[in-house]
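S.K.: Starting from the given sequences, assemble the full structure and let the hints guide the process.
Number of protein chains: 2
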Amino acid sequence: MVEREAPYWAVIFTAVRRAKPGDGYAAMNETLFSRVEEQDGFLGYDNYTREDGAGVTISYWESEAAIAAWKSEARHRAAQVKGQTDWYQWYTVEIAQISRVYGFTRPLEREAE
Amino acid sequence: MVEREAPYWAVIFTAVRRAKPGDGYAAMNETLFSRVEEQDGFLGYDNYTREDGAGVTISYWESEAAIAAWKSEARHRAAQVKGQTDWYQWYTVEIAQISRVYGFTRPLEREAE
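If you read the sequences in order, they're chains A and B. So in numbering that gives the first Met the number 0, spot 37 of the first sequence is number 36, and the numbers just go up one at a time. So in numbering that gives the first Met the number 0, spot 14 of the second sequence is number 13, and the numbers just go up one at a time.
Bear in mind the hints are in silico, worked out from the structure with no lab data behind them. Quantities reported herein were computed from a predicted structural model and do not represent experimental measurements. Note that the Cβ used here is the ideal one computed from N, Cα and C, for glycine as well. Accuracy of the hints is not assured; some may be wrong.
[Claimed, not checked] Quick look at which bits of chain A chain B covers, simulated, 3 or more residues with Cβ under 8 Å:
id, stretch
1, 46-56
2, 95-108
[Claimed, not checked] Pair by pair, the computed Cβ-Cβ distance ranges are:
id, chain 1, residue 1, chain 2, residue 2, range
3, A, Gly23, B, Ala73, 46 to 54 Å
4, B, Gly102, A, Gly21, 37 to 45 Å
5, A, Arg74, B, Glu37, 44 to 52 Å
6, B, Gly52, A, Val80, 29 to 37 Å
7, A, Arg105, B, Glu29, 21 to 29 Å
8, A, Arg74, B, Asp85, 43 to 51 Å
9, B, Arg49, A, Glu37, 21 to 29 Å
10, B, Lys81, A, Glu4, 41 to 49 Å
11, A, Arg105, B, Thr104, 37 to 45 Å
12, A, Arg3, B, Glu4, 35 to 43 Å
13, A, Ala25, B, Arg99, 27 to 35 Å
14, B, Asp85, A, Ala67, 40 to 48 Å
15, B, Glu2, A, Arg76, 37 to 45 Å
16, B, Glu72, A, Gly21, 45 to 53 Å
M.R.: Shown next as structure tokens:
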């Protein structure tokens, strides 16, 4: 999630990794996460992985054009190729417009006396 | 993800739980996941949790009306109240329309000879 009024955009990247130590995934992942921070229109991301190898990364964007620009970024394109040759058993990319957002934050609690 | 052509809808529920054994969360969660399967317009869901207590559930829907109907379902409403009184430190609900989806599935591989 991001602290922002709707509308904004999200990319839901759901994937199952192949377990291959030394396949360059970790290094590329680190490079990509540092590069994406510099992309115009990038708002943030959340990443969750499960022990079964499934994971989801939700990245947030100001516009669909910003998503398209990141998709064609050079290092990201190289990663997309490696994703298909080496890293993923399968993945799905869903492009979404967030039309509404609401939430809850617990008020600070007084210590028991 | 769901096996479906866009457009469809998603609800991205991001939350941090409070660690309180015996707070009824697990039982309610099981009840809700069995009830949601019967909701009109429900397409499926993915759930990921992290060791730090953060988690995301992405549920998929045919329409925004189906999302609204689930939000007002009686047991789900009771859960929403318990969520605020007991279960969550914070949560965010994002309502999204998936406008495009694509993916990759690795072809079956021949065993090395």
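S.K.: The structure should be examined with respect to each hint, and the outcome stated for every one.
M.R.: Hint check results:
Remark: the stretch 46-56 of chain A is confirmed as covered by chain B, as 6 of its residues place a Cβ nearer than 8 Å to a Cβ of that chain, reaching the required three. Beta-carbon proximity to chain B at under 8 Å applies to 11 residues in the stretch 95-108 of chain A; the threshold of 3 is reached and the given coverage holds. Separated by about 51 Å at the C-beta atoms, Gly23/A and Ala73/B satisfy the suggested range of 46 to 54 Å. Between Gly102/B and Gly21/A the beta carbons are some 26 Å apart, a value that contradicts the proposed interval 37 to 45 Å.
Taking the beta carbon of each, Arg74/A and Glu37/B are about 45 Å apart, inside 44 to 52 Å as hinted. Hint check: Gly52/B to Val80/A, Cβ distance near 36 Å, so the stated range 29 to 37 Å holds. Our hint of 21 to 29 Å for Arg105/A and Glu29/B holds, since their Cβ atoms are close to 24 Å apart. Evaluation of the 43 to 51 Å hint for Arg74/A and Asp85/B yields a pass: the beta carbon distance comes to about 45 Å.
The hint said 21 to 29 Å for the Cβ distance between Arg49/B and Glu37/A, and at roughly 26 Å that hint holds. Evaluation of the 41 to 49 Å hint for Lys81/B and Glu4/A yields a failure: the beta carbon distance comes to about 28 Å. Checked against the hint of 37 to 45 Å, the C-beta distance between Arg105/A and Thr104/B comes to roughly 41 Å, which is consistent with it. For the hinted restraint 35 to 43 Å between Arg3/A and Glu4/B, the CB-CB distance of approximately 29 Å leaves it violated.
For Ala25/A and Arg99/B, the Cβ-Cβ distance of about 29 Å falls inside the hinted range of 27 to 35 Å, so the restraint holds. The given range of 40 to 48 Å is respected by Asp85/B and Ala67/A, whose C-beta atoms sit roughly 43 Å from each other. Roughly 26 Å separates the CB atoms of Glu2/B and Arg76/A, a value that falls outside the hinted 37 to 45 Å. Evaluation of the 45 to 53 Å hint for Glu72/B and Gly21/A yields a pass: the beta carbon distance comes to about 48 Å.
The earlier numbered hints that this structure contradicts are 4, 10, 12 and 15.
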